[in-house]
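Undergrad: Starting from the known structure of chain V, fit chains R and C onto it as the hints suggest.
Chains as they are written, first to last, in the numbering used here: chain V, 3 to 466; chain R, 73 to 176; chain C, -4 to 274.
Think of the hints as simulated: they come from the structure by calculation, not from any bench. Careful: at least some of the hints might be erroneous.
[Unchecked claim] Straight line, CA to CA, 25 Å or less: simulated BS3-like cross-link-like pairs of lysine-lysine:
hint, chain 1, residue 1, chain 2, residue 2
1, V, K213, V, K279
2, V, K281, V, K213
3, R, K118, V, K281
4, R, K118, V, K279
5, R, K118, V, K213
6, V, K433, V, K445
7, V, K396, V, K213
Here is what each chain is made of, one letter per residue.
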Amino acid sequence: MPEATTPTVAPSRPSLATAGRPRDAVVDAPATPDFDLVVVGAGPAGAAAALVAARAGLRVCLLERGPFPGAKNMYGGVIYARILDDLIPNWWDEAPVQRWVTRRATVVLTESQALTIDFRSSAWGEPPYNGATAFRPDFDAWLAGKAEAAGATVVTSTTATGLLRDGAGHICGVRTDRPDGDLTARLVVACDGVNSFLAKQAGLYHHEDPKHFTLGAKEVLALPRDEVEKRFVLSGREGADFEIIGGTRGIPGGGFIYTNLDSIAIGVVLGLDGLRKAKVRPEELIADLKRHPMIAPLVDGAQLQEYSAHLIPEAGLEMMPELSTDGMLVAGDAAAMCLAAGIWLEGVNFAIGSGIAAGETAVEAVRRGDVSDHGLAGYRRRLESNFVLRDHTKLRRAPSLVMSERVQQRYPQLTCDLVEALFTVTNPEPKQGAFRAARHHAKRSGVRLRDLARDGWTALRTYG
Amino acid sequence: MSAYAGGMERWSRVSFEDRMATVDFRVGTRAHITVDGDTCRGCTTKACVTACPANLFVPTSDGGIVFNYEQCFECGTCYLVCSNEGAITWTYPDGGDGVVFHRS
Amino acid sequence: MAGRPVVGVCLKWVDLRPDVDRLTGAVHRDERFHGASEADQAALEWALRMAEAWDGEVVAVSAGPPAAEALLRDCLATGVHRAVRVDLAPGAPSETVASVLADVLRDAAVVCCGDWSLDRGSGAVPAFLAGELGAAQALGLVRLEVGQPGSLVVTRRLDFGRRERLGVRTPAVLSVEGASATLRRASLAAVLAARDAVVEVAGGRPAAQHRLRPVHVRPYRPRPQARPGPDPALDPRLRLLQLTGAAVERTPPRTVVTDDADEAAELLLEQLRAWGYLT
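Bound conformation, chain V alone (with noise of 0.2 Å):
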C-alpha cells in the first residue's frame, strides 16, 4: 500500500482555484495493479468506456462520486443515441426513455415576439428513432448498468480526488476519498465531467477561462400527461424540443424547453461570461421565459418539482484539452466534447461516442501493453475517424458565431421585426416589399449588411 504523499511539480496552467485541490501522489505500480482499467466517473462516457473494455474482457472499475451512477447529472436536453446502435442493438426497446422527440422547433424570441420554425416527423416516433427526451438518473443509471452486466465492477459514493503516478511519472491509478482509497490500474480513464480536476491535475487542460463555459439551469415542471400532450400537440410517446435564441436578456446563450412523460423541462443556458456582467441571477431568466407570451400558456399552472443547474463546456475545439498522457484518456465532458453549435446542441452523443473510443483505446494499449501517451495515439485516430472530432473540427467556428453579440441580439430583433412588417397589413398604405423592409429594418437594428454578409459566409462555411 502507498504512503508517500509527496506533491511533484505542478504543470503550470492559468488556473483560478488550485489551492486546496489535491495533488498527484507517487507511489510504486504493483506489478499486477488493483484493475487494468479504472473509469473515473459513470456517466454516458464512462459507462460506455466501461461496458466497451469489460466486454472485451478488462477487469475494469467504473467509479461514481454519487449514491448511482447519474445521480449528480443534469443537462439540457435530448439523447440522440444512434451511436448505440453497434453497442447495444435494439436499445431503444430498453432505454428508459421519457419521450421520442418528433417535433423539433427552433424559436428566435424578443421581448414581445417569437418567430418559430416547427419541424415534425413522424419518421422520428418509430424505430430507430432519432432523439429522446430522458431523466440522466435513469438513463446513465441504465447505460452503467450495462457495464455491470458485462463485468465491470462499479464502486459508487467514491470521489476519485487525486492521481497516483509511479516513479516514471506515469498515472497508474488514482485516490479516492474512502480509507485505504488508492486504486491501481494500468491506465485510468478520466470522465470526471465538465470540471475534470483529474484532467487539469494531469496537466492536460491549459483553460478555465468562463468565456468558454455556459451555465444551464433548468425547471422540471409537473403536468399531467395528457396536458403535455395538448399543450405540445403530441400523441402517445412523441415529444418536443425546442430550441430558444434571445431571451435571455442579451446575456449570450438561449433557452430549452423538452416534454418529458408527465412534466415539462424550461431553461436557461448562459455564458459565463456574459453572466458574471450582467448581475442577474440565472433563475430570474427562466421566470422571464415563463413569463414571455409565447411561452406563458405552454407553462401555465404547471407545479415545479426539481430545479437543477450545470455547467457546460461550451467552446468545443478551443478549448479541448490533450486527450492523453501516459496512463490517462480523458473522455467526455472531461474532454470538453459537448457540441454546443447553434442549430446543433449535443453532448450525451459526443460524450458515448469519446466514451467506446476510450473503451477500444484502452483494450488495444492493455494488451499490447504499452499505456504510454504513444501507445494511446489509437484514442486521438478513432476520434478524428468518426463523427466525434470530424463535427467538432467541422463546427469549430461555430461556438464563436454562435455567442456573438450580433447572432444573440441584432439578427433575432431584425428578424422578428422583418417578419412582423411583411405581414403586417398595413392599410391603405400599400405594401412595402420584402427587400425595402429589410433593408431598413436593417438600418434600424444597427447591423451592418457587410457584418450580415461576413457572418452569413461564416455561417455557410460552419454548416454548409
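TA: Just chains R and C, lined up with the frame of chain V:
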C-alpha cells in the same frame, strides 16, 4: 381551459427556499467550498453572489461573503466567475454526499 | 463464536426522499433513492464501536425486500461480521417486524436501532423487540458510553430539554438519535470485498397471534394551528397590519463575520445573555 390553466402567475410565486426544497441534497460534514474572507472584502464585483444558481453566496454588511455549501449543485460556476485567484476553493463533496438529482 | 458477545443492529431499507404527487398525494418510491436513515447509520456506528470495545461481533439485520441487500452489503463494508435479510413485505406492523428481527437476534447482548424510521415510523419496533427478547430497553438515546463488556451508560433525551443518564445491563435494546454518531466510511478494499459477500436470507415466519392489531391507520396530515386572528372590528388596513406585523418596530438582525470559532462562540453567548436566555 383545463383545470391546470390556473392563474398565469402562480409559478412565479415559488420562493427561493421552496425552489431549493425541490432538490434532494445529502449534506456531508465537510464543507467542499471554502471562501477566503479577506480577498472577498476587497472584491468589487462579487460575481458569485448573482451567478450561483443555488444562491449560496451572500454579501455581508462589512463587505465580506458568507457562504453555504449544503445546497450546492456542484456546478463550478462560482470558482469560474470569481475574478480573484484563489478566493474560492472548490472541490467535489465526499463520495455519496451532495446533490442527488431525480429528474434532471 | 462462543464467548464473543453479539451486538445486533437493525436497519430499515427506506426511501430517503420519496416522491409525493402534490395533487393526488400518491407516494412514489424508487429503489435508487433508498438507503439507511441517519438514525440507523448512527445505530450501526454504535454497534461497531461496542463490538470493538468488547471484542464482539456485529450482526446486521434488515427486514425487507431483496433490494435491501444493497444496504446490508454497505454494512458488511463498514465491518459488520454477519448480515441477514429477513424477507418481509413492506408495510408489516411493528410487532411482526420485531418478532422476525428477534428470531435472528436471540443471542445478542445488545441490539441497536435507529429511534424511528424515516417513513413516518412510530419508533415502536425497538420496544416490541425488547419485549420479544425479554431485554431491557433504553430508547431515544443521544449518547452512549461503552464500558466493560456488558456495561453501558447511556444518555436519554427527555421532554423540555432534560436529559437522563441510565446504567444499562445486557441484554438490552437501544434506540439512538441520528445525531448521536456519524457512521465511519468503509475502506475501498472493504467496499470491493463486500460486493461478493454473502447476505443470509431468513424467511419470515407466519405471523403469530399479535397482542396488538392496528384497526385503522390514517395517513399523516399536518394539523392546522389555531392562531388568534386580528380584531374583526378593526378596519381592513389595521387588520392587515396586525396580520403581517408590518408596522411593528423590531431590532434589526445583527450580522457578525468572524473566522475565529472562539470569538464566534463568545458572540453567540453574549447575544443569548442579552436576550435573557442565559443568566
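Undergrad: Any of the earlier hints contradicted here, and which numbers?
TA: Hint check: nothing fails, all pass.
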